[in-house]
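Q: Spelled out, the chains give:
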Amino acid sequence: MEIAPPGPVKPLWRRIIRSPIFDIFQFSILMLVVFWFFANSTASMGYNWQWYQIPKYIFTFGEAGFKPGPLWDGLMVTIRISGVSLLLAFAIGLAAALFRLSNSFVARTLSRVYLETIRNTPLLIQLFFIYFVLGPVLGISRMASAILALSLFEGAYASEIFRAGIVSIRRGQWEAAYSLGLSTFDSYFYIILPQAVRRILPPLTSQAISLIKDSALVSTIAVYDLTMQAQAVIAETYLVFELWFTVAGIYLAVTVTLSIIVNYMEHRFQVVT
Amino acid sequence: MSIEDTGDYIIVVDHINKTFPNGVKALVDFTTNVHRGEVVVLIGPSGSGKSTFLRCLNGLEDIDSGTIMVDGMVLDDNKKNRFEIRKEVGMVFQQFNLFPHMTVLENVNLAQRRVRKKSKEEAQAMSMDLLKKVGITDKADVYPSQLSGGQQQRVAIARALAMMPKVMLFDEATSALDPEMIGEVLEVMKNLAREGMTMICVTHEMGFAREVSDRVIFMEDGQIVEVGTAEHFFTAPIEERTKLFLSQIL
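The listed protein sequences correspond, in order, to chains A and B. No gaps in the numbering here: position 93 of the first sequence is 93 in this note's numbering, and each next residue is one more. No gaps in the numbering here: position 239 of the second sequence is 239 in this note's numbering, and each next residue is one more.
Among the clues, some could well be false.
Listed next, the stretches of chain B that the computed footprint assigns to chain A, with coverage defined by at least 3 CB atoms under 8 Å from CB atoms of chain A [unchecked claim]:
no.	region
1	94-106
2	235-243
Using C-beta positions, here's what the derived DEER-type ranges look like [what the hints assert, rightly or not]:
no.	chain 1	residue 1	chain 2	residue 2	range
3	B	Q248	A	A91	51 to 57 Å
4	A	S104	B	L246	44 to 50 Å
5	A	V106	B	K80	17 to 23 Å
6	A	H267	B	E122	34 to 40 Å
7	A	R268	B	K80	37 to 43 Å
Keep in mind that the hints were calculated from the coordinates and are not lab data. Think of the CB as a built atom: it goes at the ideal place given N, C-alpha and C, for glycine as much as any other residue.
Using the sequences provided together with the hints, build the complete structure.
A: Shown next as structure tokens:
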């Protein structure tokens with residue numbers, strides 16, 4: 001990095017430092033260093049980079065038009081599993097949070113047992129348990145096992161987020177709602193949850209991103225998601241480095257896109273209190 | 001008097017007791033009745049149980065023993081009954097407690113739509129009338145955060161009135177306001193009193209009490225110390241504790 005001379009030039013130097021172009025420049029430098037590091041160290045171990053091989057595993061575009069490759073297919077499976085699990089996880093999370101906050105001893109206990117069981121055992125074990133133990137007994141398919149395990153796991157964390165959001169709403173809001181004669185359901189639905197959800201959007205987004213990343217574990221029960229497809233291609237081609245870099249990049253692209261969308265929503269629906 | 005003998009009373013409070021979990025006795029053997037159209041002002045030092053009393057009347061707090069009857073309905077543990085009573089009792093809070101994610105109009109519409117099951121048009125028409133009544137006509141579509149404290153409190157009054165309650169409870173409605181905004185809220189409350197609304201107000205605005213109240217209750221430690229007209233409190237309070245308290249607030 002050049003150091004600008006002090007004195008009269010300073011304002012320009014400041015302007016350069018604060019411009020977004022400088023940020024991009026910094027980032028490019030960083031990436032170059034990382035790339036150089038990898039190229040150097042893999043060259044010393046004699047790795048033969050074959051990046052040109054990669055695009056065809058994502059998709060090809062010939063006379064026949066768009067033709068998805070295995071990684072594309074895997075990505076679609078990952079998105080489908082994550083999408084369905086996300087909706088279920090938030091539904092389970094909200095239900096568990098409401099149970100936890102209810103007056104019923106049974107509901108509170110149930111919610112507590114669910115939460116502690118899920119949070120204190122590894123996701124991988126839960127996945128195996130559902131697929132290998134409950135699967136044959138209850139006739140749950142591979143795909144359903146994957147979705148069920150992910151939803152239950154992330155739902156436990158989501159429930160704590162929902163609970164925190166709900167209790168963060170001032171008691172006066174409940175009292176105002178009740179004093180107008182609103183039922184508990186209406187109070188939750190029209191007053192408490194709309195405010196709580198806006199507050200917990202950031203942690204809920206983190207949870208959604210965790211879910212997408214954790215979905216890679218479903219490859220262990222041979223669901224052909226992005227990770228499983230990558231393993232399959234690697235087994236054929238031995239393009240270990242290129243493929244794992246690519247797969248990581250695809251996961252990153254999906255999660256960053258999600259973050260950007262939520263960020264936009266947060267600004268759009270902000271409430272001044 | 002017996003519970004059956006409610007006569008002209010819209011609120012009957014018979015020997016109620018309320019102790020908080022931390023052992024503080026908020027209400028001790030408290031008894032009072034309120035006529036239809038009567039305006040009652042509750043005064044007393046903080047912690048004397050005034051707010052708790054109001055909150056018991058619409059079931060925001062549970063009482064330990066005694067009987068509360070509102071418009072002929074006994075307040076019991078049944079959830080349904082509690083929601084029925086709340087339809088007849090409007091409440092205005094010190095902190096306004098407007099719903100921040102809804103516009104002024106939506107705030108006033110909500111209970112009419114969800115509880116009174118009115119159509120959107122009906123609710124809207126009534127809300128606009130009420131907003132006019134409290135002097136907020138050009139702000140129907142803004143959010144509460146864009147209003148001054150006085151305006152917010154007037155919207156809160158409109159919101160409570162939208163249920164067409166038979167009784168209105170005011171819990172220190174002007175205590176959180178900047179001095180220059182107290183007047184506009186008191187004016188709305190006075191008009192309401194003159195129209196014949198039954199009101200129970202926790203307030204230290206003795207000017208308000210003098211102008212519209214029928215009865216002032218001074219309470220301390222969960223008990224009634226002295227009852228009389230506002231004039232009585234201004235001119236001839238009897239109890240020493242009343243005199244001491246009045247000398248502090250007047």
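Q: Look at each hint and say if it fits the structure.
A: Tested hints:
{"no.": "1", "hint": "94-106", "result": "holds (count 6)"}
{"no.": "2", "hint": "235-243", "result": "violated (count 0)"}
{"no.": "3", "hint": "Q248/B - A91/A: 51 to 57 Å", "result": "56 Å, holds"}
{"no.": "4", "hint": "S104/A - L246/B: 44 to 50 Å", "result": "48 Å, holds"}
{"no.": "5", "hint": "V106/A - K80/B: 17 to 23 Å", "result": "22 Å, holds"}
{"no.": "6", "hint": "H267/A - E122/B: 34 to 40 Å", "result": "35 Å, holds"}
{"no.": "7", "hint": "R268/A - K80/B: 37 to 43 Å", "result": "39 Å, holds"}
Violated hint for the displayed structure: number 2, the only one.
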